[in-house]
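A.B. asks: Each step along the sequence shown adds one to the number in this note's numbering, with nothing skipped, and position 116 is 116.
Hints should not be assumed to be uniformly reliable.
The calculated lysine to aspartate or glutamate pairs, modelled on DMTMM-like cross-linking and capped at a C-alpha distance of 20 Å, are [as the list claims (entries may be wrong)]:
hint, residue 1, residue 2
1, Lys64, Glu88
2, Lys43, Asp61
3, Lys64, Asp33
4, Lys86, Asp72
5, Lys43, Glu88
6, Lys64, Glu46
7, Lys75, Asp33
8, Lys75, Glu46
9, Lys86, Asp33
Because the hints were derived from the structure by calculation, they are not lab data.
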Amino acid sequence: QVQLVESGGGLVQAGGSLRLSCAVSGIRFRFNDMAWYRQAPGKQRERVAFIGRGGVTNYADSVKGRFTISRDSAKNTVYLEMNSLKPEDTAVYYCNVSPPPRIGPWGQGTQVTVSS
Numbered sequence: 001q002v003q004l005v006e007s008g009g010g011l012v013q014a015g016g017s018l019r020l021s022c023a024v025s026g027i028r029f030r031f032n033d034m035a036w037y038r039q040a041p042g043k044q045r046e047r048v049a050f051i052g053r054g055g056v057t058n059y060a061d062s063v064k065g066r067f068t069i070s071r072d073s074a075k076n077t078v079y080l081e082m083n084s085l086k087p088e089d090t091a092v093y094y095c096n097v098s099p100p101p102r103i104g105p106w107g108q109g110t111q112v113t114v115s116s
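I would like the entire structure built from these sequences, with the hints used as guidance.
C.D. replies: Structure representation (C-alpha cells):
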C-alpha cells in the first residue's frame, strides 16, 4: 500500500530555513507527479509546490521565490527547501501525488512552526 513519511519540520524563527523530506513507497514514484501541501489551523489544505515526472516545478504565489521542491527517483523521496520563512508558513506539511487522492492515504505530516 501507499506510504508517505514526511520529516524535517520544526520550530524556527522568521527568516530561517528548513528542509523537508518525504519518503514514498507503494507507488511507481518516477511515473507520478508529486507535490507538497500544507494545512494551517482552521484552514483548508492547499498545494504549495508541484514537481512533475519530468522535473517541471510550480509554486503557489505565497511561497514563490522562497521554497524549492525537488525529487530523487533513486531514493523515492521528495524534498522541500524552505527559506525566508514567515509566521504565515506555520502549518502541517504533507506530500502526496498531484492531483491528490480523493480518499486517502496521507502521511502523518510534519509540523512547521515559524515564530515572529
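A.B. asks: All the hints need checking, so say for each whether the structure fits it.
C.D. replies: Going down the list of hints, with the structure as the test:
1. Lys64 / Glu88: holds (14 Å)
2. Lys43 / Asp61: Between Lys43 and Asp61 the Cα gap is close to 17 Å, so the pair holds against 20 Å.
3. Lys64 / Asp33: holds (19 Å)
4. Lys86 / Asp72: Distance ~27 Å between Lys86 and Asp72 Cα, so the pair is violated.
5. Lys43 / Glu88: With Cα atoms ~12 Å apart, Lys43 and Glu88 stay inside 20 Å; holds.
6. Lys64 / Glu46: holds (14 Å)
7. Lys75 / Asp33: Roughly 15 Å separates the two Cα atoms, so the pair holds.
8. Lys75 / Glu46: The given pair, whose Cα atoms are some 25 Å apart, is violated under the 20 Å limit.
9. Lys86 / Asp33: violated (27 Å)
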